[in-house]
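Protein chains: 2
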Amino acid sequence: MPDSPAMHISVKGHGLDKYPAKSHARRVTEKLEVAEGLLVLAATPSVLYPNSDQPQPFRQDRYFYYLSGCNESGCYVAYDIHQDKLVLWLPEIDKRKVVWSGRGSTVEEALEKYDIDDAKYISSSDGPIERGMGRRTTLEEDIQQTISLGISIYSLPDSLPDSLIGDWLYIARGGESQLQYALNCCRVIKDEHEISLIRRANEITAEAHKAVLCGIHGFTNEADVEAAYMGICIARHAREQAYSPIAGSGSNASELHYVKNEDDFGHSQMMVLDAGCEYSCYASDVTRTIPLNRRHPGTWPSEEAKNVYKLVERVQEACIVEMRPGKSFVEITRLSFDMVLDGLLELGVLKGEREEVKEAGTHYGFFPHGLGHHLGLEVHDVAPQAPPQSDGQSRYGRNGKREEERGREGYLRSHPHLPALPANFDFAITTFPANDGAPYADADYPDYSVLQSGMVVTIEPGVYFNAYLLDNFFLHSDKHTKFIDKEVLKRYMPVGGVRIEDDILVTKKGYENLTSAAKGDEMLKIIRESAVGSQEA
Amino acid sequence: MPDSPAMHISVKGHGLDKYPAKSHARRVTEKLEVAEGLLVLAATPSVLYPNSDQPQPFRQDRYFYYLSGCNESGCYVAYDIHQDKLVLWLPEIDKRKVVWSGRGSTVEEALEKYDIDDAKYISSSDGPIERGMGRRTTLEEDIQQTISLGISIYSLPDSLPDSLIGDWLYIARGGESQLQYALNCCRVIKDEHEISLIRRANEITAEAHKAVLCGIHGFTNEADVEAAYMGICIARHAREQAYSPIAGSGSNASELHYVKNEDDFGHSQMMVLDAGCEYSCYASDVTRTIPLNRRHPGTWPSEEAKNVYKLVERVQEACIVEMRPGKSFVEITRLSFDMVLDGLLELGVLKGEREEVKEAGTHYGFFPHGLGHHLGLEVHDVAPQAPPQSDGQSRYGRNGKREEERGREGYLRSHPHLPALPANFDFAITTFPANDGAPYADADYPDYSVLQSGMVVTIEPGVYFNAYLLDNFFLHSDKHTKFIDKEVLKRYMPVGGVRIEDDILVTKKGYENLTSAAKGDEMLKIIRESAVGSQEA
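Heads up: the sequence lines are chains A and B, in that order. Its first residue numbered 0, the first sequence is counted upward by one per residue in numbering that gives the first Met the number 0. Its first residue numbered 0, the second sequence is counted upward by one per residue in numbering that gives the first Met the number 0.
Hints are computed from structural coordinates only; laboratory data are not their basis. In this text, all values refer to a predicted model and were calculated from it rather than measured experimentally. It cannot be assumed that every hint is accurate.
Claimed, not checked - With a straight-line cut-off of 27 Å between C-alpha atoms, the simulated DSS-like cross-links for lysine-lysine are:
no., chain 1, residue 1, chain 2, residue 2
1, B, Lys-485, A, Lys-94
2, A, Lys-485, B, Lys-489
3, B, Lys-309, A, Lys-478
4, A, Lys-94, B, Lys-489
5, A, Lys-485, B, Lys-485
Make the full structure from the sequences, and use the hints.
Here it is in structure tokens:
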């Protein structure tokens, strides 16, 4: 039998240390400020596609992983707060299925692999979480006893099947919003083990990006780029991606979440490659913008392409050096917007009085997203958003579906680190953020964007020339069209878009850039040397 | 904007022919034997992972695709039987989201791309399926009117949201089992267009398998194999796989659905590579078993490895030539079991009287799966199973979950082309199929395995040495252990497993092998020549 992915962790200075699930459980309990009770979280079950006998790709529930370090399906993890005891419940092994698809961990293997106090099989009738109550119970019995004893169960929405908690549904789910809030408070600050996993994901991602740079002179289609990138990730045991790779050339570079990756380069000038793998469920998120220049590989295909790249590079560097504990991320975001505004005025794409253009927000038509977001178990990682609400307000969906669209206010509360254009923003009417003070400064909305040591946040400014966005909103609107120089814009449209993105760890004294993929001059050099090398060979 | 995947179809002799959705709708109607009514099927919606803002990988519902040829999310297709009119309902385009993730087809683009009579936006209040009722209605109104007029709606379980059919739920869903049966009857016989897509998927898969053969002398880990294979698939615009690639070396080769693909080869003798891409939602399914021989690439690492390969090769060839219209697939399956039995007796792994061993079924311990299955929109494609039942009996799950496990009888009825060991088969007690007549010969269960022209069926015999299966069942059982020569078995265990699989089209006169990936001597030659070539370079 092959060993588990968890055994492949090779972390500098940490060797084969276990994922610190117990420490996470303790931190969450501290944040909950309760002395007893049971935290119960469910792993993602194995599910088939509807009308199919094929399994959907398995992706572990991140809250479950945070408290268990276990990447297996169908498990439960239970933490007894009073006893400080973390127990993992495993599906019983069906011997008849092992020849088909192997098996999950045995109790013995789980105790060896995971940072837990005990492991039990779910359907085993003598598998208890021992609560000193003098008799052994199943998980179901234990939960029902716990409730009848008046001890709170904290579980996230849908973590527990109805069958498990029966009539106690309401009581059992009362703690969901507090638990989610406590988990988010903990998850936003990464410990050493988590940082080492994000670092490892970044190392593999950097190697995969390098394979693209080395091959780009011979590629003709976006699919070639994705193939080169994925080939390295898969070979390095990181086939799971933190998000679908984006390899957009020419105008596709201006579609922010472009994932088709199927077009020929044609006369495209630039390629946005936004791709980052996962490692042990931890994400990397890296964007590089690569010149496509068949005649002179590794040099800018036009003055305009160079200008836009240099602008975005300048913005990114200026924002990164601002990263430190105590700094408001909203302020850094404003800096990036201002620098893009100034840069576009300088290039002549925008024209008019700086303050008037800024007031109108015309520059958002070329930088229509936020500067960055938390990174961790999710590529857009959770953060302590608003204080816990009785309605369990969350940016995330339940039952796998996004919640009903909320208004601007809800958006602002739930996206503290993405203070740019919300999805439902009406480009033609409003600008955002308003000049008259950040919404985050309101008394009702404390600034959750203040950076703390241990946070990992992306810095990813971009400048795009998206024909659809410009034609349908900004060039279509009296408010904006007067600030755009159509002749200059025409020269810049073929650039498509430029985005540069690194993953920044906030340290006690400042920051550390966890992303090692080549960019700027180093990137150009790799492309040039690879192209020369391949001609000589 | 990039064009749609559908435009990349390059089919010999078919050019840019549209996917024949209308013809499929007509065939299904004929099978239903009704003169009026409405077929309504829903596309898969876009869904986020629970507790995450990341989308689950999109995979189109196959029944919807069969009647639309449309690979976009959130659509409906409706076929008016009396009017012979096929209408596609598209989600309305949200202009504000286009800069983020592009958009689905417009009505105009859909009419251009798909074989439909009309296209409408779902939320448009004037978007009707015109039923000659003198007024225009929405899809919802139309369905409710249709029901109140006493016209049947045929829709699969869960195809229609409850909100759409309200109180008419029961009536509207009455036709589900007939519709599914009719769809399965049609889907099991592939038309020219479908065959050309399966052929194209096989071409790409063959090229990807070849990349593995060319690189295998330099690979050291199963992940290298998956990377080489996937690199070609992605570069050829076929990143979607018909199933998770299986790259199992050594003992991993004996786990039938092994997908971890992460182990070093070590001293493994053989590698089972079972991997096939999709093309325009149509599957390929190809298995090759590759010798791992660092010293002498492209030659068998042991006499035992060669013997097992030759046995499986012989079985596969003998079964393929039996493929023709009118032939029972159950008979061909029996042939494969008999040949494996004889081969293992010849090699000395099995011992004793042939008929006694056969009666015990000990050879199933080395060939614990069926000979093949239908292939099409699913890798394990649907087939007309039992006649339609009022309870809508189906091998597939609802709501993305597999139905409760059924007994042996249910299994036999729903897996006519997989007449080997069912998942819940108790290895130690029973053998299957029983010698005293195939269950398919019963009057209650007509032989659905009779081959017809236009079927595409895999032929995939295998011989495995799975320690878990043998130790826990066959060597553990008095009934079987006496027929196994433990000394000979010890020599064969390191072979792991061998499976060879091709996709066979049943033609009017016999068969055509759609799989072009190299196997046998041709495979060995490619490995040898690549290894030599790389040493010389």
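Determine which of the earlier numbered hints do not hold for this structure and return their numbers in increasing order. 2, 3, 5
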